[in-house]
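Protein chains: 2
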Amino acid sequence: MTKYSTRVPACILLAGGVMVWVMLHLSSMETPDFPFIYVITPTHKRPTQKADLTRMGNTLRQVPNLHWIVVEDAGVRSPLVAKLLLNSGIPHTHLNILKPDYCKSGCVARGSEQRNLGLDWLRQHRGPLDSGVVYFGDDDNTYDLELFEEMRSTKWVSVWPVGLIAGRWYERPVVHNGKVVGWFTGFPGRRFGTDMAGFAVNLNLILANPNARFVLQGAKSGMQENNFLNKLTKLEDLEPKANNCTKVLVWHTRTEKAPLNKHVKDNVDIEV
Amino acid sequence: MTKYSTRVPACILLAGGVMVWVMLHLSSMETPDFPFIYVITPTHKRPTQKADLTRMGNTLRQVPNLHWIVVEDAGVRSPLVAKLLLNSGIPHTHLNILKPDYCKSGCVARGSEQRNLGLDWLRQHRGPLDSGVVYFGDDDNTYDLELFEEMRSTKWVSVWPVGLIAGRWYERPVVHNGKVVGWFTGFPGRRFGTDMAGFAVNLNLILANPNARFVLQGAKSGMQENNFLNKLTKLEDLEPKANNCTKVLVWHTRTEKAPLNKHVKDNVDIEV
Chain A
1046 MTKYSTRVPA
1056 CILLAGGVMV
1066 WVMLHLSSME
1076 TPDFPFIYVI
1086 TPTHKRPTQK
1096 ADLTRMGNTL
1106 RQVPNLHWIV
1116 VEDAGVRSPL
1126 VAKLLLNSGI
1136 PHTHLNILKP
1146 DYCKSGCVAR
1156 GSEQRNLGLD
1166 WLRQHRGPLD
1176 SGVVYFGDDD
1186 NTYDLELFEE
1196 MRSTKWVSVW
1206 PVGLIAGRWY
1216 ERPVVHNGKV
1226 VGWFTGFPGR
1236 RFGTDMAGFA
1246 VNLNLILANP
1256 NARFVLQGAK
1266 SGMQENNFLN
1276 KLTKLEDLEP
1286 KANNCTKVLV
1296 WHTRTEKAPL
1306 NKHVKDNVDI
1316 EV
Chain B
1046 MTKYSTRVPA
1056 CILLAGGVMV
1066 WVMLHLSSME
1076 TPDFPFIYVI
1086 TPTHKRPTQK
1096 ADLTRMGNTL
1106 RQVPNLHWIV
1116 VEDAGVRSPL
1126 VAKLLLNSGI
1136 PHTHLNILKP
1146 DYCKSGCVAR
1156 GSEQRNLGLD
1166 WLRQHRGPLD
1176 SGVVYFGDDD
1186 NTYDLELFEE
1196 MRSTKWVSVW
1206 PVGLIAGRWY
1216 ERPVVHNGKV
1226 VGWFTGFPGR
1236 RFGTDMAGFA
1246 VNLNLILANP
1256 NARFVLQGAK
1266 SGMQENNFLN
1276 KLTKLEDLEP
1286 KANNCTKVLV
1296 WHTRTEKAPL
1306 NKHVKDNVDI
1316 EV
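Residue numbers (my numbering), protein chains in the order written: chain A, 1046 to 1317; chain B, 1046 to 1317.
FYI, nobody ran anything at the bench for these hints, they're computed from the structure.
Mimicking BS3-like on lysine-lysine, the simulated pairs with C-alpha atoms at most 25 Å apart in a straight line are:
#1 A:Lys1144 to A:Lys1302
#2 B:Lys1307 to A:Lys1265
#3 A:Lys1128 to B:Lys1292
#4 A:Lys1310 to B:Lys1292
#5 B:Lys1279 to B:Lys1200
#6 B:Lys1292 to A:Lys1307
#7 A:Lys1310 to B:Lys1224
#8 A:Lys1302 to B:Lys1307
Covered, in the sense of this in silico footprint (three residues per stretch, anywhere, with C-beta under 8 Å from a C-beta of chain A), are these stretches of chain B:
#9 1296-1303
#10 1309-1316
Using N, Cα and C, we set each Cβ at its ideal position, and we do this for glycine too.
Only chain A is shown next, with the shape it has when bound in the complex (with noise of 0.2 Å):
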């Protein structure tokens, strides 16, 4: 599953005194030559908020050495959320702050705020001696476990296709003799024309630059990943990955929502 595993055999003394040769999988080990994956997502509380962290919970799970920060667009932090994040069994930090009140009435920059205040966490709590790999995944999107093995190896800011948007089957990097040449994207015109689900940056990289962040006050929609690539990296640089960008191991899936206009009270309370 993860290109970081290791089978070692070992002889397992039980307490009762019965001694077994087992096969011992070292994947979820924490080393030093294992960099961290934050990875940053901003919440929002809807009907299917609890069903779809549960199922990215599910997946994230199963990723070694993954920090998971978990933004919450709200005034305070939600229990249900936090519960969630306790029972997940992933290392996370819980966050919350609301969008700022000229967002209220939609806002082109969905979620920024909250991706600022995760990165904010990370000048905070890490520091140049940390290794680590930044990415901002939404709660509603699907991953493949193979994604999370492609970013980790990050040097600087690296990029990969992603699945059914704008559209399309998939937009993506277009790769000639390795390097980064342009974008295969139903919005061009952009420098970096990725979605957010399309890219990593090592923790480094966002440690050293300060300004990286997303701005929301007239924010184009559809902008805000190149204007916070261009903080960051120069196209020449971008690192292909997912076997030069032809493998799509994310999609940018999206729950229908759920009206809830025919529920009727229950005699008891419970959580969905």
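Fit chain B to the known structure of chain A by using the hints.
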């Protein structure tokens, strides 16, 4: 995570001579008193199929003693699903059957032919000495891992709530003194007011009742589950799970259709 997991302290002698003490998790050991869960999943070709099966597989991979029976609504088994199942690492059976002609223009009993084929496979390949539980799990639902440990002890037929269904936060069996006495549902008038995701059946009950199948022709919308359970059990014999049916551990989520009306041809062939 699982009721059946056990932690035992063990001394591990690594090949290099280093000795360490660890806690061993024995949750995934196969033992005769640890029944298999057979999940029957109908699936059909659509843009989000691989994404949906990928995240369902990410969940099922963590359930010990689980066998995934995936039945395609297709004339032949697709390489996409075959490869996905192989890579999932989950014990599985891959089947296919095309929906009958009278269902081509839409059928109220969608997926029923595929579920029947899954039942046929169990009746042909499992016997009364096999201990197991049968569950019909659609590929776009969301599952908490706890659901599977709840259903594993099913003696006859067990039931529980289903979230985000029929315009409601949830539907659920109503339990009084540990017995199911009715249903909190938006579609009353059925003896068994449950969705496909809300019950499991002991394997031996399936084997002992070869007439327990889903009826397609003349079937009324929403009556499939009721008609199937009518052949197997009585209301008073249902086993309520999930804390007397007060916990939502499965959500009837739906993935938004991906329109792909803007796709243009790429110069490589990429599976999505």
